[in-house]
Amino acid sequence: MALISFAIVGKNNEPLFMKEFRDESATDAIPEAELFGLTVSTGNTDGFSKRAKECSLRQQFILHSALDRFEELAGPPPGFGWREPGSTGTDAMWVGLLCPVEEMRVYGYMSTTKVKFLAVVEDLMPSQLIQHNVVDKEVKKLMIMIHQLYIEYTLNPFSKIGDVKISSPKFDESVLECVSQFNKAL
Amino acid sequence: MSKSTAAANGHSLWQKMPKANAELFALTYGTLVTELVRDYESTEDINEQLEKMGYSIGVRCVDEFLAKADQAGMVIPPCRAFAETAEVLAKTGFRMFLGVSAEVQMISDSSFSLLIYENPLSLFVELPSDPKWKDIKYSNLYCGILRGSLEQVNLRVECTMVKDVLQGDDVNEIRVDLKEVLVDGAGEEYDEE
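Here the protein sequences line up with chains A and B, keeping their order.
Everything in the first sequence is counted per the working numbering, starting at 910 for the first residue and increasing by one.
Everything in the second sequence is counted per the working numbering, starting at 539 for the first residue and increasing by one.
Hints were generated in silico from the structure; no laboratory data involved.
One or more hints might be untrue.
A few chain B residues that face chain A, going by a derived Cβ cut-off under 10 Å, partial list only [unchecked claim]:
(1) Ala564
(2) Leu565
(3) Gly568
(4) Thr569
(5) Thr572
(6) Ile595
(7) Leu665
Calculated cross-link-like contacts (lysine-lysine; reagent style DSS-like; alpha-carbon spacing at most 30 Å) [what the hints assert, rightly or not]:
(8) B:Lys606 <-> B:Lys557
(9) B:Lys606 <-> A:Lys1069
(10) B:Lys670 <-> A:Lys928
(11) A:Lys1069 <-> B:Lys701
(12) A:Lys1069 <-> B:Lys672
(13) A:Lys1079 <-> B:Lys670
(14) B:Lys606 <-> A:Lys1079
Every value quoted in this text rests on a predicted model; they were computed, and no experiment measured them.
Glycine is no exception: its CB is placed at the ideal position from the N, C-alpha and C atoms.
Please model the entire structure based on the sequences and the hints provided.
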């Protein structure tokens, strides 16, 4: 019951942060490079291939398609259609399950400034005893924590905001910590 | 002036000072530094500008410090040794204006280090990992403030930021060296002939 990948997308749907947390060697998936007929690189030490490994194409595809669901749920302007009337703060920002994909579930969270946070979580095995709403609550807590980290990132006077990718080692580390906390809680 | 009275004075003066939002303060300073980065090319220039700004602040701060202390009924006697000055600066001065206490580490009779653990100026700040940022002294304002305020009480000092949390160290350290004890003078025109 683990978090597979996480993405932060800006208000014009530009990607700000995408990270995959699953160890690729643990899955039996064919390396993507082979699927496209390219040679598989063995040493991933140069900057480009390291970045590419940070979020595999498959995860990026899943996250991208989940974005459409956000648009659907938003509804007519002002575009916060999923909200219960009268909810405020982080409750209002929580969208919930966007869509189930194969053996994964994609959850969404959108801030008032239309910054979207998406999480792809491994689906529950029928043998596991925990219920879906427990998982939902944990994902919501994770979203709130990462939203807080994002806010602290934007408060740094040296961080570039807009349609620029988030590049901050402190942010990366803290997100990793939140994710491992989430994985432990389930 | 004993250490505990300096700390106690600092604490009560801090209570009396009007407060500002810490985030607003840190963000304003952050914008100031980014503006300087845009205006100046070399890191030495940026550090120098920050120090100059600190100097003008320091020159004004010391009067406010002495006046407020007087109003509060505290007695801040003239320091008999440089070590006393260090204690007053760290425990009373810093506490009054910033709300954080600094620690003093005496190096010799005429120099000491101030160790600041919590820096209110660098809340949320993370320096970019570009190598050109390695020499930026983000909190150089403090060095200017110390130089300015001590000059008003006839102590000419040189202050430098030795360690910086933003550059990876575990504490902010400001080294203060006493260069000269200035003599009050009325100026050359009044020299007795």
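We went through each hint and held it up to the structure:
no., hint, in the structure
1, Ala564, "holds (8 Å)"
2, Leu565, "holds (7 Å)"
3, Gly568, "holds (3 Å)"
4, Thr569, "holds (6 Å)"
5, Thr572, "holds (5 Å)"
6, Ile595, "violated (19 Å)"
7, Leu665, "holds (6 Å)"
8, B:Lys606 <-> B:Lys557, "holds (15 Å)"
9, B:Lys606 <-> A:Lys1069, "violated (41 Å)"
10, B:Lys670 <-> A:Lys928, "holds (28 Å)"
11, A:Lys1069 <-> B:Lys701, "holds (26 Å)"
12, A:Lys1069 <-> B:Lys672, "holds (19 Å)"
13, A:Lys1079 <-> B:Lys670, "holds (19 Å)"
14, B:Lys606 <-> A:Lys1079, "violated (41 Å)"
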